[in-house]
Each structure stands twice: as C-alpha cells, then as structure tokens.
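Engineer: For the protein sequence lines, the chains are V and G, in the order given.
Every letter in the first sequence is one number past the one before it in numbering that gives the first Met the number 0, and letter 60, counting from 1, is 59.
Every letter in the second sequence is one number past the one before it in numbering that gives the first Met the number 0, and letter 105, counting from 1, is 104.
Treat the hints loosely; a few may be bogus.
[Stated by the list, open to error] A few chain V residues that don't get close to chain G, going by computed Cβ distances all over 10 Å:
1. 2
2. 22
3. 25
4. 26
5. 30
6. 31
7. 32
8. 37
9. 39
10. 40
11. 65
12. 89
[Unchecked claim] The following residues of chain V were derived to be distant from chain G, with all beta-carbon distances above 12 Å:
13. 17
14. 29
15. 33
16. 34
[What the hints assert, rightly or not] One side of the interface only, derived from the structure: several residues of chain V facing chain G at Cβ under 10 Å:
17. 43
18. 70
19. 78
20. 85
What the hints contain is simulated information worked out from the structure, not anything from laboratory work.
C-beta atoms are modelled at their ideal positions from N, C-alpha and C, and glycine is treated no differently.
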Amino acid sequence: MDKKYLLKLYIVGGTSHSERVVAEVRKICEEELDHHYVLEVIDVLEHPALAEDERIIATPTLIKVLPEPLRRVFGDLSDREAVVLGLDLRPLGDTPDTDVP
Amino acid sequence: MNRKVLVIDDEQSVRNAFMLALEDTGSDVDTAENGSTGLEKFRNGSYDLVFLDLKMPVMDGATALRRIRELDQSVPVYIVTAFHQEYFAELKEAQRDGINFELLHKPVSGDDIRLVVEAALGGTAAREDKVDG
Numbered sequence: 000m001d002k003k004y005l006l007k008l009y010i011v012g013g014t015s016h017s018e019r020v021v022a023e024v025r026k027i028c029e030e031e032l033d034h035h036y037v038l039e040v041i042d043v044l045e046h047p048a049l050a051e052d053e054r055i056i057a058t059p060t061l062i063k064v065l066p067e068p069l070r071r072v073f074g075d076l077s078d079r080e081a082v083v084l085g086l087d088l089r090p091l092g093d094t095p096d097t098d099v100p
Numbered sequence: 000m001n002r003k004v005l006v007i008d009d010e011q012s013v014r015n016a017f018m019l020a021l022e023d024t025g026s027d028v029d030t031a032e033n034g035s036t037g038l039e040k041f042r043n044g045s046y047d048l049v050f051l052d053l054k055m056p057v058m059d060g061a062t063a064l065r066r067i068r069e070l071d072q073s074v075p076v077y078i079v080t081a082f083h084q085e086y087f088a089e090l091k092e093a094q095r096d097g098i099n100f101e102l103l104h105k106p107v108s109g110d111d112i113r114l115v116v117e118a119a120l121g122g123t124a125a126r127e128d129k130v131d132g
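The shape of chain V in the complex, shown without the other chains (with noise of 0.2 Å):
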C-alpha cells in the first residue's frame, strides 16, 4: 500500500469557478505531493449530508484527512504557499506514515 495524502475538495460543481479551482488544487497537488496523494472532489450540491458530516462551513473548502491531524482551507485556493500552510503539506518522508487503502 502506498503512503499517501487524502484530501477532500467540497465545491459547487460545475460551474466555471468550481472547474477553475479544481484544476488549480489539482495542480498543487500534483507539484507539490507528486503522486502521494489521493483527491476525492464532492459537489455539495449532490452530497449535502457529507457536507454536513464533515462540518463544511463554506464552498470552496479543501480539507487535508490523512496524514492527521485533519486541517481545513477555504476561500482562494489557488494560492499555492497559504494551501501549503494552511493544510501542512510536507514532503512524505516529513510525515507521520500514512496509509490510504
């Protein structure tokens, strides 16, 4: 099993704005994890209970899962460096081992 991040994007899906920001939390991801990561996008508007579950106050919100402790970013996520921070994504070896099924 490999080691990786799991994150959790909650977006209105299909709108231009979602599609942007998909690509861009997308593109960090890849720049930043490599291949170490799994992304999983929820429209909330198709999954509100989740929404509810995991407590989202606000569309876009981009919550980190694994490696815990779980950490949330909402708002601009396109910036790269307050992504970085916000959700303390760290090379894998930084990390506490993770594994994702």
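Please build the complex by placing chain G on the supplied structure of chain V, with the hints as guidance.
Structural biologist: What follows is chain G alone, placed relative to chain V:
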C-alpha cells in the same frame, strides 16, 4: 478602503448577526429583507461580496442570484442555506445554467462569518480541527 458587503435575508436576526460579526473589520455591511430590495441595492451600489438567503418573500434567492449575475459576473455570491436536498432544486437549475455561486452553511456563527469574509475578500483561511472526544 472598506469592503462593501450586501446581506440579503428576510430574517432580522441573520442580518444582525452579519452586522455584528463584521463591525470593526473594515467591512461596510448593507442589508435588504428580500431579493427585490437587495437587487435594487445591488444595482445602485458597488459591492465586493453578497450573502443571499434562499427562501424570501417578494423575490427568492435563486431568482435574485440570476438577476445579480445578469448585472455582474464576478462579484462573489454566497447562498446562505442549510445543506439539505430539499433546498437545492432551484440551485441545481442555476448550476446547470453555469451560474457561479458558493454556499455558506446556515446556521452560521459570527466567527465563521468573519472567516468566510476574510477568505472571500482577502485570500485563504485555514483551520485545524479540534480532535473530538
């Protein structure tokens, strides 16, 4: 220069919550009690951010959203709503039509209002969740 925020909601308590949360934050908060009044204010003002309730008399939030987008494609608009399917039918129509908007969970605390306004107007907000138990 202060940021201008427009809050459109038929509940006085919600409008007050936004005004209280954003006082002394460098934001000027303007309010309206329904979509029609809100649209009129939006047309005559210059706002940096809009919060919009869904269920309102005279003109509902989904209609007001469409009218605002006819006037301005770029201003951030947050629909303030509970996250339940029953509230989302009209928003899904707007989504299918490619209308840009974001969601803000209702009820919302003063701290969350400040965080979201900062994030919407100033960049990115971050939070580390407390461990339950």
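Engineer: Next step is simple, just say for each hint if it's right about the structure.
Structural biologist: Structure-based check of all given hints:
no.	hint	result
1	2	21 Å, holds
2	22	15 Å, holds
3	25	17 Å, holds
4	26	15 Å, holds
5	30	17 Å, holds
6	31	15 Å, holds
7	32	17 Å, holds
8	37	19 Å, holds
9	39	17 Å, holds
10	40	14 Å, holds
11	65	13 Å, holds
12	89	15 Å, holds
13	17	8 Å, violated
14	29	19 Å, holds
15	33	22 Å, holds
16	34	24 Å, holds
17	43	6 Å, holds
18	70	5 Å, holds
19	78	5 Å, holds
20	85	3 Å, holds
Comparing the model with each earlier hint shows a violation of hint 13 alone; every other hint is respected.
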